[in-house]
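Which chain is which? The protein sequence lines are L and X, in order. Note that the first sequence covers residues 1 to 814 in our numbering. Note that the second sequence covers residues 1 to 297 in our numbering.
For the record, the hints were derived by calculation from the structure and aren't laboratory data. Just so it is clear, the structure is predicted and the values come from calculations on it, not from any experiment. Worth double-checking, as some hints may not be accurate.
Derived contacts from chain L toward chain X, CB cut-off under 10 Å, selection only [unchecked claim]: (1) Gln249; (2) Tyr499; (3) Phe559; (4) Ala728.
Just so it is clear, CB atoms sit at the ideal spot from N, CA and C, and this is done for glycine as well.
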Amino acid sequence: MIKTHQIIRVGLSLSLAFMAVVCPAAAEDTKALISGDFDIGGRAVSLSGSKDKFSEYRDVSNGFMINDMRLSLENEPKFYYMDLKILNATRDDASYGIKGGVYGKWTFAASFDRTPHNFNTGTLILNGAGTNSLGIANSVKTALEAAEQTRQERGTVARTDTTGEDAAQQAIIRNLLSITDSTSFKLERERAAVGMGYNITPDVKTWVKVSQERRDGARVIGAGTYERYIQPFPQAAGEAGRLAHIEDQFVVSGLDLAEPINYRTTTFNAGGGIYKRGWLVDAEYTLTDFDNGFRSFVWSNPFRTTDLGAKTEAGVNGNAFDRGRFVNGQMSLAPSNQSHDVSLSGSVELPLHSRFTGNVSYGMTNQNELLLPYTLNTGIAGINGAPANVTDAAALPASRFNGEIRTITNSLALTLKPTEKLGASLKYRYYDYSNKSDSILFPGYAAFGESYWRTVKNDKNAAVQNDTPSYARQTAKLAVDYQVVHPLTLEVDAIWDRYNHKHQRIDSTDEVGAGAGFVYHPIEMAKLHGAYHYAHRAVKNYKLGATAANPEATGLANFNWADRVRNRADLRADISPTEALSFGVSGQYQNDDYGAAERFGFKSQKNLIGSVDVTYDSSDKVSLSVNYSREHRKGLTQNAAKDDAFNVVGSALDDGTIGDSFNPFNYWNTDITENVDTIGFAAEIRPIPEKLTLNAGYDYSESRMRFDTSNPNAAEASAMGYSGAKLANGAAQVWPIVVNKTHEVRAGGSYELMKDLTVGMNYLFSWYMLNDFQNTGAYMSGTTPENTTKYVATGASNYDYTAHMVGTYLAYRF
Amino acid sequence: MNTRRITIRIAAALAIGWMAVPDPKAHAESAAPVCASCHEKQTSSLKSTAHGARLEKIKNIAFDKTCETCHGDGAAHVSAGDGKDIFNPGKATAGKASETCMTCHSADRNRMFWAGSAHSGKGESCVSCHKVHGGNETLLAKKTEMELCTTCHKEVKADLVKRSKHPLRDATSKSGAGKMTCSSCHNAHGSRSEKLIAAKSINDKCYECHTEKQAPMLWEHAPVKEDCLTCHSPHGSSNNKMLAIKVPRLCQSCHMQGRHQSGTLAKNSVYGTNRSCLNCHAMVHGSNHPSGTVLQR
Numbered sequence: 001m002i003k004t005h006q007i008i009r010v011g012l013s014l015s016l017a018f019m020a021v022v023c024p025a026a027a028e029d030t031k032a033l034i035s036g037d038f039d040i041g042g043r044a045v046s047l048s049g050s051k052d053k054f055s056e057y058r059d060v061s062n063g064f065m066i067n068d069m070r071l072s073l074e075n076e077p078k079f080y081y082m083d084l085k086i087l088n089a090t091r092d093d094a095s096y097g098i099k100g101g102v103y104g105k106w107t108f109a110a111s112f113d114r115t116p117h118n119f120n121t122g123t124l125i126l127n128g129a130g131t132n133s134l135g136i137a138n139s140v141k142t143a144l145e146a147a148e149q150t151r152q153e154r155g156t157v158a159r160t161d162t163t164g165e166d167a168a169q170q171a172i173i174r175n176l177l178s179i180t181d182s183t184s185f186k187l188e189r190e191r192a193a194v195g196m197g198y199n200i201t202p203d204v205k206t207w208v209k210v211s212q213e214r215r216d217g218a219r220v221i222g223a224g225t226y227e228r229y230i231q232p233f234p235q236a237a238g239e240a241g242r243l244a245h246i247e248d249q250f251v252v253s254g255l256d257l258a259e260p261i262n263y264r265t266t267t268f269n270a271g272g273g274i275y276k277r278g279w280l281v282d283a284e285y286t287l288t289d290f291d292n293g294f295r296s297f298v299w300s301n302p303f304r305t306t307d308l309g310a311k312t313e314a315g316v317n318g319n320a321f322d323r324g325r326f327v328n329g330q331m332s333l334a335p336s337n338q339s340h341d342v343s344l345s346g347s348v349e350l351p352l353h354s355r356f357t358g359n360v361s362y363g364m365t366n367q368n369e370l371l372l373p374y375t376l377n378t379g380i381a382g383i384n385g386a387p388a389n390v391t392d393a394a395a396l397p398a399s400r401f402n403g404e405i406r407t408i409t410n411s412l413a414l415t416l417k418p419t420e421k422l423g424a425s426l427k428y429r430y431y432d433y434s435n436k437s438d439s440i441l442f443p444g445y446a447a448f449g450e451s452y453w454r455t456v457k458n459d460k461n462a463a464v465q466n467d468t469p470s471y472a473r474q475t476a477k478l479a480v481d482y483q484v485v486h487p488l489t490l491e492v493d494a495i496w497d498r499y500n501h502k503h504q505r506i507d508s509t510d511e512v513g514a515g516a517g518f519v520y521h522p523i524e525m526a527k528l529h530g531a532y533h534y535a536h537r538a539v540k541n542y543k544l545g546a547t548a549a550n551p552e553a554t555g556l557a558n559f560n561w562a563d564r565v566r567n568r569a570d571l572r573a574d575i576s577p578t579e580a581l582s583f584g585v586s587g588q589y590q591n592d593d594y595g596a597a598e599r600f601g602f603k604s605q606k607n608l609i610g611s612v613d614v615t616y617d618s619s620d621k622v623s624l625s626v627n628y629s630r631e632h633r634k635g636l637t638q639n640a641a642k643d644d645a646f647n648v649v650g651s652a653l654d655d656g657t658i659g660d661s662f663n664p665f666n667y668w669n670t671d672i673t674e675n676v677d678t679i680g681f682a683a684e685i686r687p688i689p690e691k692l693t694l695n696a697g698y699d700y701s702e703s704r705m706r707f708d709t710s711n712p713n714a715a716e717a718s719a720m721g722y723s724g725a726k727l728a729n730g731a732a733q734v735w736p737i738v739v740n741k742t743h744e745v746r747a748g749g750s751y752e753l754m755k756d757l758t759v760g761m762n763y764l765f766s767w768y769m770l771n772d773f774q775n776t777g778a779y780m781s782g783t784t785p786e787n788t789t790k791y792v793a794t795g796a797s798n799y800d801y802t803a804h805m806v807g808t809y810l811a812y813r814f
Numbered sequence: 001m002n003t004r005r006i007t008i009r010i011a012a013a014l015a016i017g018w019m020a021v022p023d024p025k026a027h028a029e030s031a032a033p034v035c036a037s038c039h040e041k042q043t044s045s046l047k048s049t050a051h052g053a054r055l056e057k058i059k060n061i062a063f064d065k066t067c068e069t070c071h072g073d074g075a076a077h078v079s080a081g082d083g084k085d086i087f088n089p090g091k092a093t094a095g096k097a098s099e100t101c102m103t104c105h106s107a108d109r110n111r112m113f114w115a116g117s118a119h120s121g122k123g124e125s126c127v128s129c130h131k132v133h134g135g136n137e138t139l140l141a142k143k144t145e146m147e148l149c150t151t152c153h154k155e156v157k158a159d160l161v162k163r164s165k166h167p168l169r170d171a172t173s174k175s176g177a178g179k180m181t182c183s184s185c186h187n188a189h190g191s192r193s194e195k196l197i198a199a200k201s202i203n204d205k206c207y208e209c210h211t212e213k214q215a216p217m218l219w220e221h222a223p224v225k226e227d228c229l230t231c232h233s234p235h236g237s238s239n240n241k242m243l244a245i246k247v248p249r250l251c252q253s254c255h256m257q258g259r260h261q262s263g264t265l266a267k268n269s270v271y272g273t274n275r276s277c278l279n280c281h282a283m284v285h286g287s288n289h290p291s292g293t294v295l296q297r
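Using the sequences and the hints given, assemble the complete structure.
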């Protein structure tokens, strides 16, 4: 395995070796050039709040730093060159690169890059984060299990603490959280690459590149399940034969875990081609090998020391209650895989200023990871039809998945320019994603917190067999532009986009669209662009809902597969009264309407975006830019809470023909409205040109997202004695507005002490605030029917911060 | 990592380099004397660019002929002594301007799909983005790619400062550039794919960094392999994980099979808080577990 320091050493050694060869020659030869620059300095950061968010993809540590270092060598007689580039040396976001060669003959390049990704910091009650085994002391498990309140003890209302055991468990968890050290969830990404290119002749080029990327760390991942409670309902006026309602309640164990990340990706790419001015052709091959050091991870369930299966209300083996009682859980991780891709491309100039370009590629991705056993829970072995050896992979119908994807891509483009005024392009693209993986029929699976052997895949009794979804997409576009008069060019285009699906809920979608636009350029200082596009996507054979093939509600269309009408308009004006001054105004409107005849799902999305910007750039003294943009986005979703008994005798909304369990009394809609304001300002002033430079900048962004949920049939429901909706979980909810705000102020200055030697300093104030009701503490103990007393989160949800950063630097150019 | 050793090596490299330093500016003094007599600023700024410094080495075109490579024969212009009789790509139509650059740059696989591409088709030319007489390392008219591209793509500029985004900007760095650039995903010169994506498809581009998502899974979540953009807004989002819609509403756009999926969900419901649906259905990108049927493990 290549290690960081080895890469750096190899890179630096190469550069030294190269310089050792070239520099003596350079010293003797006045035509040799050595140039470069370096930038070193120090930095102090004062931070309150979330360091993880402030340093999300960067290292913001204090102290001395080598910010930037570049060295370029050129040796003219043989045209050797070498460029060494180092950014943020030795830091967690460092980047090192070296490239060199002989101009027009051969090249080599090597690079090493580090990028952190700091997710957040929270409290994990299990130990072993970053490994494939998360544990907890047996004494804790014993205490928590002893305080388990079973369904029989709990009674009919889930949140009732009849024995005081819920309170006891909560106390144990809270104590545990208070004494546990925090865990930093983060990812380190390191990528090393080397490559060489060789030109056999000036027109015939070849190359080879190899890279390896390492990713290590841990991120939060959740595991949990729910229980089912039959809730009595008050009989509504005029209602006969009312059945009790079933609710899904979250009273069994669930917790945030640490998913270990231990990825290695190796990529090899080689190719070659002939590149002439009038035509070119090339071929390349790419191999990608992804290796996951952990194919799974196991966690110790803090609430259990003994395996058990789920029970019925009566306490015998069954489904609905006392779920999640396994000692150890196991989760699969991304499987190791390999992909190969061969690509052929070509382009040729044709008469009438025309050009034809094409690309064909064939790809294959395989994964053949050993499958894990159904469960580690011995408590369900032999029960409800589960194999006696259910915890043994030998019980599976196949030991491996034999996953295979084949892709064929074909892109063709013909462009014509028969006259100076007329241009046209015709493009066709075909992308075939063919899933050749095994489709395995399983006798069942460990469901509902791994505590029940379920022999159907969904509520509509589909067999437990994996789908192998495939699709082929074809897109064709014709565009024509014509200069009607000197300042005005008109454009028209038409598009056709088809998806054919296999083993999915639809057979195909066909989208056809057309658009028109213009470019108006009356004088050199002003330019106006505008365009309008219309497209309609039609769906063929969306499988009927509430069936084994499509278990979702009847009348629900997934928006990515739904009938859609799209209207879009774009406008942009640029005015430059002087060479230094420019104004820009732009606007964009898009309206998508989905699933015209469908009752449920994502129904519409409207976006309206406008922006203005002003730039003043007097190259000697001042450059200024300011921009403002406003986004307004509004999406509508129509939904309904599932009801097991929807007949409401005497109501006009007693829709007994729907075919599944969605009573109009429980319909609910959500409008999600987001307004985003963004302001940017940047200024650079050079009071003493080429000596003193001062700069300042400000960025501001504020997003406010509203969720307006309503019951469209609330009046009818109220008339029947219900409040808003028939079901409590169908009633409109008020969600707080989610607010994101950021301010960033930058200021700095640099002074050239002597020729090519500059000293400078900069200051950054960065402030971020997120007000999101979803970001909970580590432990919730709520009171709503959907709430839980047992889901233990990490509380890794603090993103707010205030940061001040002051830096100084010394830059030398030679 | 042995920081000290690396620092010593870097210092040694610099020291060797320093000792051998001739004045780089002395190199190109004789360039384009005729043009420079009137256009001193332009010829001077050209010297340090890739064209000025390397055309001779790569194309065997002497620097004093460099101007005419793009501007055409200047004899008539010199005789006339005014701004006429010379071709200026900066003032020419987009097609003519690009055609000039493509004289040399068409023999390049990265520009193979330029003709008819989103930018070329919208009346943009090479000089819309590149400043041949200066600019940055790749002759871009702005300091960074992000700054340049967001000159027109304002909606993207706004996305880049939202709650979750890819690392395209970094206010702590001197240039303001982050670890990624626009060209990490897009080829502004045209591509074989949609949205100028520099890969076979949008998903194939995402897999280059998120390789763990590439493999076929035992239990697939169909939209995932079809288009990452069904759920994600890669330039930035006000939601966590660059999600296009906040969970649980994102999931509820397509799922209403059972009871807990189809509720309005109170603000402190476990189904709606923390990671919402993903509290339990963590494997939304697919599961390889025999019991991962509903993407829980």
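Verification of the hints:
Below 10 Å, beta-carbon pairs count as interface contacts, and Gln249 of chain L has one with chain X at about 9 Å; its hint therefore holds. About 8 Å separates the beta-carbon of Tyr499 of chain L from the nearest beta-carbon of chain X, less than 10 Å, and the hint is met. Satisfaction of the interface hint for Phe559 of chain L is found here, the shortest Cβ-Cβ separation to chain X being roughly 6 Å, below the 10 Å cut-off. Satisfaction of the interface hint for Ala728 of chain L is found here, the shortest Cβ-Cβ separation to chain X being roughly 9 Å, below the 10 Å cut-off.
When held up to the earlier numbered hints, the structure conflicts with none and fits them all.
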